[in-house]
Amino acid sequence: MSDAVLVATDLERSFPIQRGFSKAQVRAVDGVSLTIHQGETVAVIGESGCGKSTLGRLVAHLDEPDAGRVMLAGTDPSGIRGRALREWRRRVQVVFQDPYASLDERMTAGRIVAEPWLAHPEKRPADPRARVAELLELVGMRASDADKSPQQFSGGQRQRIGIARALALDPELIVADEPVSALDLSVQAHIINLMQRLQTDLGLSYLFISHDLAVVRHIADRVAVMYLGRIVESGPADEIFERPTHPYTRALLSAAPQLDRADPRQRIVLQGEIPSPTQPPTGCGFRTRCWLATEACAEVPGLLARDNPRHAVACHHPFREPTAQPADENRAS
Amino acid sequence: MSTAAPILRVEDLDVDISTHSGDLAAVRGVNFEVREGETMALLGESGCGKSLTASAIADVLDPVAHVTSGRLMLDGVDMRALTPAHRRGLSGSAVGIVFQDALTALNPVYTVGRQLGEPFRIHRRMSARAAREEAIGLLERVGIPDAARRVDDYPHEFSGGMRQRLLIAIAIALSPRLLIADEPTTALDVTVQAQIMDLLRTLRGDSEMAVVLITHDLAVVSEESDQVTVMYAGVVVEQGQTQDVLSSPRHPYTRGLLDSLPERAQRGEALPSIPGNPPDLRSIPAGCVYQDRCPLATEVCRTSRPRLSSENGVSGQRAVACHFPLEGRDE
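Here the protein sequences come in this chain order: A and G.
With the numbering used here applied, the first sequence corresponds to residues 1 to 333, in that order.
With the numbering used here applied, the second sequence corresponds to residues 1 to 331, in that order.
Keep in mind that the hints are not guaranteed to be accurate.
A short list of chain A residues far from chain G (calculated; beta carbon distances all over 12 Å) [to be verified]: (1) 14; (2) 18; (3) 62; (4) 108; (5) 129; (6) 130; (7) 138; (8) 143; (9) 144; (10) 150; (11) 171; (12) 172; (13) 196; (14) 214; (15) 267; (16) 281.
Interface residues of chain A toward chain G, partial, derived using beta-carbon atoms under 10 Å [said to hold, decoys possible]: (17) 188; (18) 217; (19) 254; (20) 258; (21) 280; (22) 299; (23) 300; (24) 303.
Rather than coming from a laboratory, the hints here were simulated on the basis of the structure.
Each residue gets a CB set at the ideal place from its N, CA and C atoms; glycine is no exception.
Kindly generate the complete structure, drawing on both the sequences and the hints.
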């Protein structure tokens, strides 16, 4: 595996919330570390409130961690301002979930795609119109679409414009937060294919945040599973999907509806719901819903420990298949 | 398969939407039936008319939409032939509805006990006290712990999954013959979705309700339904037993949807995708509604709209609206 584009270490982020007269803290991200290599797609999966979108914002530097740090290919951004911060934001771009909310209706598609150059004049091409046309064609639109406004486009086309805008500054990493979940089924495949083609052609890295397990399985190289602000399991996508070891991962994969499952009653149905992140359980965050939980789980959180060099799990009782052989792969990560 | 008369039979249903620029044909010629204990999935993308069809059945259409023709037979009674008051009385007790968004479907200023008791007070003319007892029983049936205490709580005091249970409780309060579930789990997390689907399946089994499940999710269709009606641009394009339809789709649209799913593709390979976008209701073409995106479309598809038929070389309980239905995959 090639060099790391981004290394995040022990990120923490809490938000104060006020409920009535009482104040509380939501620990949205609670000690998360993550590495993304060049040309790689790392997916973060988990349910609402698990902290995956906050993690994406920290990585994109749209928000600052309370503790921990994000390093972008050698730079340390803690406290960076001005030019260095701008350069960071150039290298890490974001594609948002809702293509109806993320494009300014009063601008033409061409102006939307060119807008990043206002903040980054150093990247402004000699012939912006030609470059806009090139970017639109790169994402499967026509050069003539530059003069149309967002209302004239479908959801899928809008998402293509959002991607073209993200590409305007030649980023290295794109944080894509649920980029296809607002789209119609027959259009989702267009955007997934586009993102994969761009990755191959431009050598992009993706941090792909999603709750759609089928999409993640299709495009991710590595997967991190989050629950209550922590990564509970991470590893190569095929291992996570075929040999999940954390009970939460197993329940999550099993709970998702599947096209070809013989009998849905075979799935693991968890009791209860995700506890409030303002009052997470002591010890392991998942223990209140876990069928394997013991006393140890209430006291000490499972530490994210490596099962093999590339697969880590935070659990006192990880699942092991009796016949499983540790995969001995020579790819160093 | 039950041979009993269907609980619901939808015949040639048309729904129009009024707009400033005239009426739009939002649903055209929809036919299907559901028997007791059976789940019929209405599958389609946004704007295909699946939710309008469901709202028409439940008599809760938005004021801008109206049924312009067709029959809605509930236990042999044509709902559209009844007076509005009569119809409300019947659909209020015999049809239960579960919507997608539980928070907006519940009234924030009344306790859940009052909202759950309402059907009993209105349709059964029960006293407030008796209705409250019924409400507690309902909460227990839908798996809300500590029902006797929680009956006095307000909707915001329940989590998303629990609110969806409350909606289900209201929907089944009067033991309806038919339950309409419009994307009942779309707004919920995966692990909670599984709980709600289990609950719906249990309730259906207990009471032999017929269920109409509206969804855009093929995996949900596969796991939860017996029959499926695939809609596109306001019309039914394919219909049949769920596993038959999913394993050997006959309409190019159904086939295209299934092929574009990441589940069916090789990891990392480009997904075979349907070109273009679903049509705008303002510009539904003459002829086949799918012609602009169909790889098989010919001149006849541009001029003549194919009828939903079980005679287009399709056997059994399958029906497809296509001039060139696909061959079965497994034969």
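Beyond 12 Å from every chain G Cβ: check whether that's true for residue 196 (chain A).
violated (7 Å)
Closest CB of chain G to the CB of residue 130 (chain A) still more than 12 Å away
holds (27 Å)
Closest CB-CB distance from residue 171 (chain A) to chain G, is it above 12 Å?
Residue 171 (chain A) clear of chain G: closest Cβ-Cβ about 21 Å, beyond 12 Å.
Looking at residue 108 (chain A) again, its CB stays over 12 Å from all of chain G?
Check passes; 20 Å lies beyond 12 Å.
Over 12 Å to the closest beta carbon of chain G is the bar; see if residue 62 (chain A) clears it.
Given that every Cβ of chain G is farther than 12 Å from that of residue 62 (chain A), nearest at about 24 Å, it holds.
Holds or violated: residue 217 (chain A) as interface residue toward chain G, Cβ cutoff 10 Å?
holds (7 Å)
Can we keep the residue 299 (chain A) interface hint, with Cβ of chain G closer than 10 Å?
violated (25 Å)
12 Å cut-off, C-beta based - residue 267 (chain A) kept clear of every residue in chain G
violated (6 Å)
Does the interface hint hold: is residue 280 (chain A) within less than 10 Å of chain G, judged Cβ to Cβ?
Violated - the Cβ of residue 280 (chain A) stays beyond 10 Å from chain G, reaching only about 15 Å at its closest.
A cut-off of 12 Å on Cβ-Cβ distance, and residue 214 (chain A) was said to be off the interface with chain G. Does that hold?
violated (5 Å)
Taking the least C-beta to C-beta distance, is residue 254 (chain A) closer than 10 Å to chain G?
holds (8 Å)
Taking the shortest Cβ-to-Cβ distance between residue 150 (chain A) and chain G, state whether it exceeds 12 Å.
holds (15 Å)
Of the hints listed earlier, those the structure fails to meet are numbers 13, 14, 15, 21, 22, 23, 24, in rising order.
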